[in-house]
Amino acid sequence: MERVLNPSLLGRPLAVCGDPKERKGIVLAKCETAKAAGIRTGDTVWMAKNKCPDIQIVIPQHREYSKYAKLVREIYYRFTDKVESFGQDECWLDVTASEKLFGDGAIIADRLRQIIKDELGLTISVGVSWNKTFAKLGSDIKKPDAVTVISKNNYKQLVWPLPVNEMLFVGRKTARLLAKLGVKTIGELAAFDIEVLKTHIGISAERIILAARGECDEPVEDFHTVDDVKSVGNGTTLSRDLTNIKDVEKVIYNLAEEVATRMRRKGVKGTTVNLGIRDSNLRWHGAQATIALATSHAPIITTTALEIFKKFDIWPVRSLRVSVSNLSDGAREQIDMFADKKSEKFDELFDELRKKHGTDAIAFGTGVGSIY
Numbered sequence: 004m005e006r007v008l009n010p011s012l013l014g015r016p017l018a019v020c021g022d023p024k025e026r027k028g029i030v031l032a033k034c035e036t037a038k039a040a041g042i043r044t045g046d047t048v049w050m051a052k053n054k055c056p057d058i059q060i061v062i063p064q065h066r067e068y069s070k071y072a073k074l075v076r077e078i079y080y081r082f083t084d085k086v087e088s089f090g091q092d093e094c095w096l097d098v099t100a101s102e103k104l105f106g107d108g109a110i111i112a113d114r115l116r117q118i119i120k121d122e123l124g125l126t127i128s129v130g131v132s133w134n135k136t137f138a139k140l141g142s143d144i145k146k147p148d149a150v151t152v153i154s155k156n157n158y159k160q161l162v163w164p165l166p167v168n169e170m171l172f173v174g175r176k177t178a179r180l181l182a183k184l185g186v187k188t189i190g191e192l193a194a195f196d197i198e199v200l201k202t203h204i205g206i207s208a209e210r211i212i213l214a215a216r217g218e219c220d221e222p223v224e225d226f227h228t229v230d231d232v233k234s235v236g237n238g239t240t241l242s243r244d245l246t247n248i249k250d251v252e253k254v255i256y257n258l259a260e261e262v263a264t265r266m267r268r269k270g271v272k273g274t275t276v277n278l279g280i281r282d283s284n285l286r287w288h289g290a291q292a293t294i295a296l297a298t299s300h301a302p303i304i305t306t307t308a309l310e311i312f313k314k315f316d317i318w319p320v321r322s323l324r325v326s327v328s329n330l331s332d333g334a335r336e337q338i339d340m341f342a343d344k345k346s347e348k349f350d351e352l353f354d355e356l357r358k359k360h361g362t363d364a365i366a367f368g369t370g371v372g373s374i375y
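Numbering (the numbering used here), first residue to last: 4 to 375.
Hints listed in this document are in silico derivations from the structure and should not be mistaken for laboratory results. Be careful, since some hints might not be right.
[To be verified] Distance condition first, Cα-Cα at most 35 Å in a straight line; then the derived DSBU-like pairs of lysine-lysine:
| id | residue 1 | residue 2 |
| --- | --- | --- |
| 1 | 183 | 145 |
| 2 | 73 | 52 |
| 3 | 70 | 269 |
| 4 | 54 | 183 |
| 5 | 38 | 103 |
| 6 | 233 | 253 |
| 7 | 313 | 269 |
| 8 | 146 | 249 |
| 9 | 70 | 146 |
| 10 | 159 | 183 |
| 11 | 313 | 176 |
| 12 | 183 | 70 |
| 13 | 176 | 314 |
| 14 | 145 | 73 |
| 15 | 54 | 139 |
| 16 | 176 | 52 |
Put together the whole structure using the sequences plus the hints.
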């Protein structure tokens, strides 16, 4: 992405880092050349410079990243409506129902790779598999600009020899614990006894072992699908766990903004705000709250969802989902003339500016600088 924004960086080792002046000086992303020099995500800036003195350090441009991420997702939607975000720059796609139109998964992946390169100047790496965990692994095996197919015929050869920390949701702490148990590869994890591992890491043991075996059948959750009758919802799985309320508020606002915008497009309002939270052990928690007046105003949805969140003591946070239900026709909904007219006028202006200048042209302060 940075090389598209600044072509002078082509061919040079590159890392995107938080601003050291704000005490966020760690590596957030790096190119393959930097990776080959031993630089890892999470390294401090001085560590990166020690490993690779020629490294070019750039500060993240979140607004540009968001713009390109949305353009990429629009291309994904040409092939399937089942698209689940994983962080800002990764998505899972379920193309099962699209194969009759476009070909099998490998063909679709290659077409996506070429279209995104031709239209946006970006290179992507794609993993193709029958489950989300192996698809994610495949996207990391060959970079940049590559497609890797992990099938039921080759996964033992491709996946099982890999270090266990290459697998989704196996972090450094879990990898260190597994190493003490003699588990260093994904294949060794697949062969490990679930009940024994539960005594060490709890309920998540079953999830990661089944994933290593290729038995994880978690569906691609299409967070952008609108149920015309029941609710309008949006959610995301974060690329890193959230550990503070400020980041949670930012993500909830971004989700609520998308929900509110789609509600207004459909001419509906709702009186029930629902919040779903998935913790680092992959357990979902949820609750709902009723508001006095039906709304499609993002700040109201955000405030209500945050009130729900604060009733839980759940950290760290892996995924969030916001939805609004108990919908009614917005044109017919009785409103409080003083409480709601102002926000309605604001929403009309908000939508008009975004329609004219793009979705990144305006955002509430809470939504500036999306982190996911």
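Tested hints:
{"no.": "1", "hint": "183 to 145", "result": "holds (29 Å)"}
{"no.": "2", "hint": "73 to 52", "result": "holds (32 Å)"}
{"no.": "3", "hint": "70 to 269", "result": "holds (24 Å)"}
{"no.": "4", "hint": "54 to 183", "result": "holds (28 Å)"}
{"no.": "5", "hint": "38 to 103", "result": "violated (39 Å)"}
{"no.": "6", "hint": "233 to 253", "result": "holds (26 Å)"}
{"no.": "7", "hint": "313 to 269", "result": "holds (30 Å)"}
{"no.": "8", "hint": "146 to 249", "result": "holds (33 Å)"}
{"no.": "9", "hint": "70 to 146", "result": "holds (23 Å)"}
{"no.": "10", "hint": "159 to 183", "result": "holds (23 Å)"}
{"no.": "11", "hint": "313 to 176", "result": "holds (27 Å)"}
{"no.": "12", "hint": "183 to 70", "result": "violated (43 Å)"}
{"no.": "13", "hint": "176 to 314", "result": "holds (28 Å)"}
{"no.": "14", "hint": "145 to 73", "result": "holds (24 Å)"}
{"no.": "15", "hint": "54 to 139", "result": "holds (27 Å)"}
{"no.": "16", "hint": "176 to 52", "result": "holds (25 Å)"}
The structure does not agree with the numbered hints 5 and 12 stated previously, though it agrees with the rest.
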